[in-house]
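**Q** This is what each chain is made of:
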Amino acid sequence: MKPYFAFQWHITDNCYQRCKHCYIFAEDNCKQLSEMPWEKMKQVVESCEDMCSKLSRTPYFYITGGDPILHRDFWKLAKLLKEKDIAWAILGNPFHLNDEVCQRLYNYGCRKYQLSLDGMEKTHDFFRKQGSFGATLKAIDHIKNSGMYCAVMSTVSSANVGDFPQLIDLVAKKNVDVFAFGRYCPTSGQKSEEYHIEPLAYRDFLDMCYKKFQYHKSRGCKTTFQYKDHLWTLYLYEQGLFKMPENDDKNMIYDGCHCGIGHMTILPTGDVYACRRMESKVGNVFETPMYELFVGEDLEEYRQFDKFEKCGKCELRGYCRGCPAVTFGYTGNMYAPDPQCWKEFNMKTGEKLC
Amino acid sequence: MSEMLKRVAAFGAENSACGTKDPAPSACGSACGTKDPAPSACGSACGASDPDKK
Ligand SMILES: C[S@@+](CC[C@H](N)C(=O)[O-])C[C@H]1O[C@@H](n2cnc3c(N)ncnc32)[C@H](O)[C@@H]1O
Ligand code: SF4
Ligand code: SF4
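Sequences listed follow chains A and B, in order. Numbers 1 to 354, taken from the numbering used here, label the letters of the first sequence in order. Numbers 1001 to 1054, taken from the numbering used here, label the letters of the second sequence in order.
These are computed hints drawn from the structure, not numbers from a lab. Take the hints with a grain of salt, since some may be wrong.
Unchecked claim - Keeping only pairs whose Cα atoms sit at most 25 angstroms apart, straight-line, the calculated DSS-like set for lysine-lysine is:
(1) 310(A) <-> 191(A)
(2) 20(A) <-> 191(A)
(3) 84(A) <-> 20(A)
(4) 1006(B) <-> 54(A)
(5) 313(A) <-> 281(A)
(6) 1006(B) <-> 217(A)
(7) 313(A) <-> 1006(B)
(8) 352(A) <-> 307(A)
(9) 1006(B) <-> 310(A)
(10) 307(A) <-> 1006(B)
(11) 1006(B) <-> 20(A)
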């Protein structure tokens, strides 16, 4: 099969929560809620299919919001994706799910429903809203009953880092199919300080998670614990669990951040972002086809691999590059050093990294 | 085609910025096959992203 290309498609801003950390509502960004009209949605699907056929990729849609299920034409879109046999998943909320809705999603070909858990009950409900934690645990059962994969995604910051040992135990107990976390991407300078985790503390956090993952696996837990944050590569490299192929080409990009390479984001207005986790508009799909946007100059600015200030000197550049969106949130420059990267030297040359 | 894209060895990404990958077997599949049985066995394309899948 041709490799996937992931389209994170925010079809609506409509949402029953106003999470404290959410990039949509932070800093008064979303003054007016947008929802993409049905005719435009069909255009988006066609433009993404066209792009993928020109690039020999397979489209994978991550339908999201807000809460995508609140979009008035959500089920029409589900039907269209099913008819076209396109792979798709949802990043959504728990509130409107029951066994019947989940079965319907499954029948329309939705292969995975991703929910968020941002800590244990007190922390999660503080970030999201009263009752959100309980609703999410119930929704996990409905999703699993339907045959869809159930993924749980968490956003880690200094505000919830202490909850993770319990959170990992919980997702293992609930037998979710996938668990992963990403780092909080600050939307202001003040928030980057408020939610900051020191680099070595972050390494210790990954170490704790790794040990927890291994413990649950050794007891037969079926959850796939994913290493989504690219700094996992550094952690695993230091543990001897990740090895670079011996004859790799130092100029090439093999893995790590897929910004400008393997995913793009479409907003309800049709605006296209290199990555939703940072301000990175590269155009609008209703003015420029997705293919043109992908190969275009604006997106090229987001894949300047030689501009990474610290990663450029690091032997892991082709495999990691940290999270440029987190870095952007701290500095306004995605190519600055990742604020949680604890690496000091190039282990091959001994050169100091910064 | 963009100069930078010529330097990308593996394009495949099934997870979006805020999304998770599917669980194994397809988790590592898009870029480099279907299974990832041991640390870094998935090699250059997927590197360390899923080292201890079943
Ligand atoms: C925008 S939400 C949409 C789906 C759904 N409403 C939810 O909350 O899961 C997708 C994911 O982005 C995460 N997210 C929102 N703002 C973020 C930020 N500033 N930094 C990192 N992740 C963020 C959310 O926590 C959630 O896991
Ligand atoms: S539920 Fe999701 S979209 Fe809604 S405010 Fe929270 S993070 Fe944002
Ligand atoms: S310097 Fe960059 S590539 Fe190297 S470990 Fe840190 S974030 Fe990763």
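**Q** Between the alpha carbons of residue 313(A) and residue 1006(B), is the straight-line distance 25 angstroms or under?
**A** holds (21 angstroms)
**Q** Taken at face value, is the distance from the CA of residue 20(A) to the CA of residue 84(A) at most 25 angstroms?
**A** violated (37 angstroms)
**Q** Can you confirm whether the C-alpha distance between residue 310(A) and residue 191(A) stays at or below 25 angstroms?
**A** The given pair, whose Cα atoms are some 23 angstroms apart, holds under the 25 angstroms limit.
**Q** Residue 1006(B) and residue 217(A): Cα distance at most 25 angstroms?
**A** With Cα atoms ~39 angstroms apart, residue 1006(B) and residue 217(A) exceed 25 angstroms; violated.
**Q** Under the criterion that the straight-line Cα-Cα distance not exceed 25 angstroms, is the pair residue 1006(B), residue 310(A) satisfied?
**A** Holds: residue 1006(B) and residue 310(A) sit about 22 angstroms apart, inside 25 angstroms.
**Q** Can you confirm whether the C-alpha distance between residue 352(A) and residue 307(A) stays at or below 25 angstroms?
**A** Holds: residue 352(A) and residue 307(A) sit about 17 angstroms apart, inside 25 angstroms.
**Q** Check whether the Cα positions of residue 307(A) and residue 1006(B) lie no farther apart than 25 angstroms.
**A** holds (16 angstroms)
**Q** Are the Cα positions of residue 313(A) and residue 281(A) separated by 25 angstroms at most?
**A** It is violated: about 28 angstroms lies between the C-alpha atoms, which goes past 25 angstroms.
**Q** Between the alpha carbons of residue 1006(B) and residue 54(A), is the straight-line distance 25 angstroms or under?
**A** Between residue 1006(B) and residue 54(A) the Cα gap is close to 16 angstroms, so the pair holds against 25 angstroms.
**Q** For the pair supplied as a hint, residue 20(A) and residue 191(A), confirm whether the alpha-carbon distance does not exceed 25 angstroms.
**A** Distance ~11 angstroms between residue 20(A) and residue 191(A) Cα, so the pair holds.
**Q** Is the hinted pair residue 1006(B) and residue 20(A) satisfied, with a Cα-Cα distance of at most 25 angstroms?
**A** violated (40 angstroms)
Comparing the model with each numbered hint stated earlier shows that hints 3, 5, 6, 11 do not hold.
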